[in-house]
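Colleague: Sequence:
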Amino acid sequence: MDIVTTFIIGIIILIILGLSIRIVNQYERGVVFRLGKVIGLKQPGLRLIIPLVDKMVKVSLRIVTMPIPAQRIITKDNVSVDIAAVAYFKVIDALNSVIVIENYNRAVNQIAQTTVRSVIGQFSLDEVLSDTPKINEKIKEIIDSHSEPWGIKVTAVEIKDIKLPETMKRAIAKQAEAEREKRAKIITSEGEFESAAKLGDAADIIQSHPVALQLRNLQVLSEIAVEKNSTIVFPAQLMTTIQEIKEFMAQETLKNDKK
-14 MDIVTTFIIG IIILIILGLS IRIVNQYERG VVFRLGKVIG LKQPGLRLII PLVDKMVKVS
46 LRIVTMPIPA QRIITKDNVS VDIAAVAYFK VIDALNSVIV IENYNRAVNQ IAQTTVRSVI
106 GQFSLDEVLS DTPKINEKIK EIIDSHSEPW GIKVTAVEIK DIKLPETMKR AIAKQAEAER
166 EKRAKIITSE GEFESAAKLG DAADIIQSHP VALQLRNLQV LSEIAVEKNS TIVFPAQLMT
226 TIQEIKEFMA QETLKNDKK
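Mapped onto my numbering, the consecutive letters of the sequence shown carry residue numbers -14 to 244.
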């Protein structure tokens, strides 16, 4: 063979090899069709197919992060809110993801939007704001039940944004303020009740031991004296006690003089 023929044959061989060689990455699987019929699944590595007869479709097995666009949803108690979410899913069956569904990304996106709308509509606004993990789990289970025949596994669904109308925000703020005032009044009343109970106990003790009241008065006077005040007000009980002490001392002196 001359050089031209050899060159042409070499080019043909290179073209055939180029059409035959396929590289499947570690995170991929290759679904091979031969004349339109599935003949097998190619694992990662260097793989060969028959040109013009075989066709390979590569499917990624990595987890896909899919945002669910914000949509206006009416809750169970007729409050309109805008809710956005995010879904995480991955292919667990490469064959079904190719032959059962035309475009699994679009399908999961559509079923996710529909499910979020229907599930949120079953809860009141307070439940949506407080029971988010429960709602996320319910949405995930519903989407996963639809996508499982497609070879898709939904790993998680998270509500990431809840936008309330301005009027509802003001109403919630007023409600929260009222709750705080209610708790403050309850705490204050409980403190007054406990204080009154302690004062009652103290009054009972003082009634049983009158000297305790005088000792308390002396203690108060001692505390006032530390302040170096120029004027000190004496309680009436203390003045009576002092007067009684004076009378007692006078009587004792008179008795001593008579003796």
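It is worth saying that the hints were derived from the structure and are not from the lab.
Treat each hint with caution, since some may be false.
To be verified - Heads up, simulated BS3-like pairs for lysine-lysine below, C-alpha to C-alpha not over 30 Å straight-line:
1) K183 x K170
2) K148 x K61
3) K123 x K61
4) K183 x K75
5) K138 x K43
6) K43 x K61
7) K159 x K61
8) K159 x K145
9) K138 x K119
10) K145 x K119
11) K125 x K43
12) K75 x K159
13) K40 x K22
14) K183 x K22
15) K75 x K119
Colleague: Now tell me, hint by hint, if it's right for this structure.
Modeller: Here's how the hints hold up against the structure:
1. Simply put, K183 and K170 have alpha-carbon atoms about 20 Å apart, close enough for the 30 Å limit, and the pair holds.
2. In summary, the hint linking K148 to K61 is supported, as the alpha carbons are separated by about 16 Å, within the 30 Å threshold.
3. For the given pair, K123 sits about 16 Å from K61 by alpha-carbon distance, which is consistent with the 30 Å threshold.
4. Note on K183 and K75: the hinted pairing is violated, with a Cα-Cα distance of about 66 Å set against a maximum of 30 Å.
5. Between the alpha carbons of K138 and K43 the distance comes to roughly 18 Å, so the proposed pair stays at or under 30 Å and holds.
6. A hinted pair counts as satisfied when its Cα atoms are at most 30 Å apart, and K43 with K61 does not qualify at roughly 44 Å.
7. Proposed proximity of K159 and K61 is supported: the alpha carbons are some 22 Å apart, at most 30 Å.
8. A distance of roughly 25 Å separates the Cα atoms of K159 and K145; the hinted pair therefore holds under the 30 Å criterion.
9. For the hint pairing K138 with K119, the CA-to-CA distance comes to about 19 Å; that is within 30 Å, so the pair holds.
10. In summary, the hint linking K145 to K119 is supported, as the alpha carbons are separated by about 14 Å, within the 30 Å threshold.
11. Distance hint between K125 and K43 is fulfilled; the C-alpha atoms sit about 26 Å from each other, no more than 30 Å.
12. Taking the CA atoms of K75 and K159, the gap is about 44 Å. The hint is violated against a cut of 30 Å.
13. At roughly 10 Å between alpha-carbon atoms, K40 and K22 fall within 30 Å of each other, so this suggested pair holds.
14. Between K183 and K22 the CA atoms are separated by roughly 90 Å; this puts the pair beyond 30 Å, and the hint is violated.
15. Using a Cα cut-off of 30 Å, the hinted pair K75 and K119 holds, with the two alpha carbons roughly 22 Å apart.
The structure fails hints 4, 6, 12 and 14 (numbered hints given earlier, in ascending order).
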